[in-house]
Amino acid sequence: MNAAPSRLRRIRVLVGKEAARLLRNPPALMAIGLMVLMALLVALSRDPPPPHTQAELARGCWLVYWEDDGFVPWLRRRGRGNATDALPPPRTEAGVDPATAAAPQPATDNGSLSRVPVRFVPADRLRGSDNRLRYPPGLGCAVEWRLADGAAGRGGRDVVFRPGSNEALLAPMARWLLAAAVEFYGERALRESMHPLPTPAAARRAGPFAGFDFSAARTQSLVGAMLLFSLQFFVCCALFVSFASHERERGILQALALTAASPADILAAKYVFHLALSLIAGATMVAILDAGALARPGLWLSLCFTAAGLLGIATLIVSFTRTQTAASLIGFCYLMGVGMVFALSKSFPAFGWMRLFMFENYSFLVSFFMLGGSPREAMAAIGWGMGRLALISLALLGFAAWVFNRRGWRSA
Amino acid sequence: MIEIDELAVRFGNFTAVDGLSLSVRSGELFGFLGPNGAGKTTTIRVLTGALRPHGGTVCVAGCMLPRELGKLKPLFGYVSDADNHYEDFTGRQNLALYARLYGCAPARVAQMLDTLELAEAADLKVGTYSRGMRKKLLIARELLHRPRIVFFDEPTANLDAHSVALVRRLLRELTGQGVTVFLTTHDMEEVEQVCDRVAIIARGRLLDCDTPAAFIARHARPQVEARYDLDGRSLCELFDMDQPAARDRLAGLVRDQRDVRLRSLAFGFADVFRKLTGQAWQ
Numbered sequence: 010m011n012a013a014p015s016r017l018r019r020i021r022v023l024v025g026k027e028a029a030r031l032l033r034n035p036p037a038l039m040a041i042g043l044m045v046l047m048a049l050l051v052a053l054s055r056d057p058p059p060p061h062t063q064a065e066l067a068r069g070c071w072l073v074y075w076e077d078d079g080f081v082p083w084l085r086r087r088g089r090g091n092a093t094d095a096l097p098p099p100r101t102e103a104g105v106d107p108a109t110a111a112a113p114q115p116a117t118d119n120g121s122l123s124r125v126p127v128r129f130v131p132a133d134r135l136r137g138s139d140n141r142l143r144y145p146p147g148l149g150c151a152v153e154w155r156l157a158d159g160a161a162g163r164g165g166r167d168v169v170f171r172p173g174s175n176e177a178l179l180a181p182m183a184r185w186l187l188a189a190a191v192e193f194y195g196e197r198a199l200r201e202s203m204h205p206l207p208t209p210a211a212a213r214r215a216g217p218f219a220g221f222d223f224s225a226a227r228t229q230s231l232v233g234a235m236l237l238f239s240l241q242f243f244v245c246c247a248l249f250v251s252f253a254s255h256e257r258e259r260g261i262l263q264a265l266a267l268t269a270a271s272p273a274d275i276l277a278a279k280y281v282f283h284l285a286l287s288l289i290a291g292a293t294m295v296a297i298l299d300a301g302a303l304a305r306p307g308l309w310l311s312l313c314f315t316a317a318g319l320l321g322i323a324t325l326i327v328s329f330t331r332t333q334t335a336a337s338l339i340g341f342c343y344l345m346g347v348g349m350v351f352a353l354s355k356s357f358p359a360f361g362w363m364r365l366f367m368f369e370n371y372s373f374l375v376s377f378f379m380l381g382g383s384p385r386e387a388m389a390a391i392g393w394g395m396g397r398l399a400l401i402s403l404a405l406l407g408f409a410a411w412v413f414n415r416r417g418w419r420s421a
Numbered sequence: 005m006i007e008i009d010e011l012a013v014r015f016g017n018f019t020a021v022d023g024l025s026l027s028v029r030s031g032e033l034f035g036f037l038g039p040n041g042a043g044k045t046t047t048i049r050v051l052t053g054a055l056r057p058h059g060g061t062v063c064v065a066g067c068m069l070p071r072e073l074g075k076l077k078p079l080f081g082y083v084s085d086a087d088n089h090y091e092d093f094t095g096r097q098n099l100a101l102y103a104r105l106y107g108c109a110p111a112r113v114a115q116m117l118d119t120l121e122l123a124e125a126a127d128l129k130v131g132t133y134s135r136g137m138r139k140k141l142l143i144a145r146e147l148l149h150r151p152r153i154v155f156f157d158e159p160t161a162n163l164d165a166h167s168v169a170l171v172r173r174l175l176r177e178l179t180g181q182g183v184t185v186f187l188t189t190h191d192m193e194e195v196e197q198v199c200d201r202v203a204i205i206a207r208g209r210l211l212d213c214d215t216p217a218a219f220i221a222r223h224a225r226p227q228v229e230a231r232y233d234l235d236g237r238s239l240c241e242l243f244d245m246d247q248p249a250a251r252d253r254l255a256g257l258v259r260d261q262r263d264v265r266l267r268s269l270a271f272g273f274a275d276v277f278r279k280l281t282g283q284a285w286q
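Chains as they are written, first to last, in the working numbering: chain V, 10 to 421; chain E, 5 to 286.
Treat the hints as calculated values from the structure; they're not laboratory data.
There are no misleading hints in this set.
Pairs of lysine to any residue residues, derived as SDA-like cross-links and limited to a Cα-Cα distance of at most 25 Å, are as follows:
#, chain 1, residue 1, chain 2, residue 2
1, E, K75, V, R21
2, E, K75, V, R16
3, E, K129, V, A28
4, E, K129, V, L31
5, E, K75, V, L17
6, E, K129, V, L38
The following residues of chain E were derived to be distant from chain V, with all beta-carbon distances above 12 Å:
#, residue
7, D9
8, A217
9, R222
Derived DEER-like restraints, expressed as beta-carbon distance ranges:
#, chain 1, residue 1, chain 2, residue 2, range
10, E, G59, V, W393, 51 to 61 Å
11, V, F360, E, E10, 48 to 58 Å
12, E, R71, V, G407, 18 to 28 Å
For every residue, glycine included, the Cβ atom is placed at its ideal position computed from N, Cα and C.
Given these sequences and hints, build the entire structure.
Pasting the structure below:
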């Protein structure tokens, strides 16, 4: 007989075993790699990042106008009147009206962007032979101001924010431009004739997400959050279920539980391993999608709590199924069930209520705002989402661990 | 070493073990026999803490189960009837994992591989092993930590004749070292050869418990097979020598017939088992 090793040592041995099993499972590694690769493709597909240096910002935000119905000259005059000495002097550039005026100062959230000149540029100067506008590379912010299609003579106007524009610059520009439009056209005229903006204000939601940005500009964040959740589901649920249910079916879990290691040790080792793998793979994915998000503690918390919830689900699946086949089937049903609840919750209130008790709901939204939201949105997401995510996930994990300890490790 | 008193285990409406009481002495090689579904594996699962009993008390190595399972675990090994190795790991890696969990020295792994004659295949993946090799690896694994009690569930199933002899020798060596061996098997020859005492159960109840020799002495039914020709037909008859009528009939047959070929049938432990468990004796 030998002296039994300490619990920490036993867990370390079991974590090593989990890692060795993963390394001997090339399909699992390939699946993780594939998801990270998808994130890379998403990242490569986006527009080049907006300029952030002062030199680039000195080029300012362009307001490109198609028609002149008096608003632009009014705006230009108003801007000249408000110009400050601190603004860089207007420069002559290809396609830019030499008479451009320094603009009023749109206040920005970021101090480094606080003095951005606005340049008024007639669209004709930028229009190519195919009638499409050609913006110079490296331009951080541009807004088109034009008559809406088919609305000529009725005062309809579109504000088009150039895709890929620097959002930090666009937000104050939008506020400034709208405020000026209201002042010029009158609020009533604006409401009746202006088309909805295709940018932040148009995509706002009611309820707990009021004021949050769900615009098309956030597509990458949306895809990123989906990829991140998929990755975590694979690592913490699918892979866990596959490994553990195989062990249970073969009687390996029981054999391990009858050694000096307890069922709690076995489960702890599995949790440590899958959580670590999920964090490493998730962080790699986030670094590819938006490296800046890694600095947000909320992102790490959301990754941890999501992993905890998924590990809880996986543990329950393993505890209530005797074979690997049954466990895989239940895992698939779980994924399908979550998808259905999400899809049906928009139309059927009962599913909406169900969604309130699902950690996946909060996990997805918190990740979404952590990846692409402004600091304000990220903080708000932490406020309302993180608490619920943590509460549901940890409760689920605790219950699952209790069930596993009672029956989950025993063979049939 | 093992005390079982009025053990009861039920699965729904089915009673797998019904008021079983047993006592196994320290250093004894105890055979635990019964037909399929008699409750042998269920009893072992209770004794190893893998199953909670519904009634009765179980005490193994001074530990009350299931309450003191944690204290008992380092003291026993359980060679189950099905192998449960990591197929992607080599034999050596499988043993090394358990050795680390038990806190054994790495040299112990090589020693057990040698003992079970698996050293040559030690660095092959278990997935490539034959069923016999897997069984031997399982035995090696469960003996790594030098347990005081070992539960063997059909240890010689799927083994070749040479390996069977090896395992039987190992069983005797273990008891020689003071290890208590609790053995279930369907190989009655094995029972006769290695077991100190035997318990036979059926339908969850204990039928009898004694040494194999005492079983045979108590339950043997000496029989004689007689072959002879009658009216051009070849006949074969069995005579139970415990029955006076059968004895008289055999005496008459020998007296009347010129050519009677007699053969005394040996009565082994398998016959005792069949008799006790209600199987027809052929």
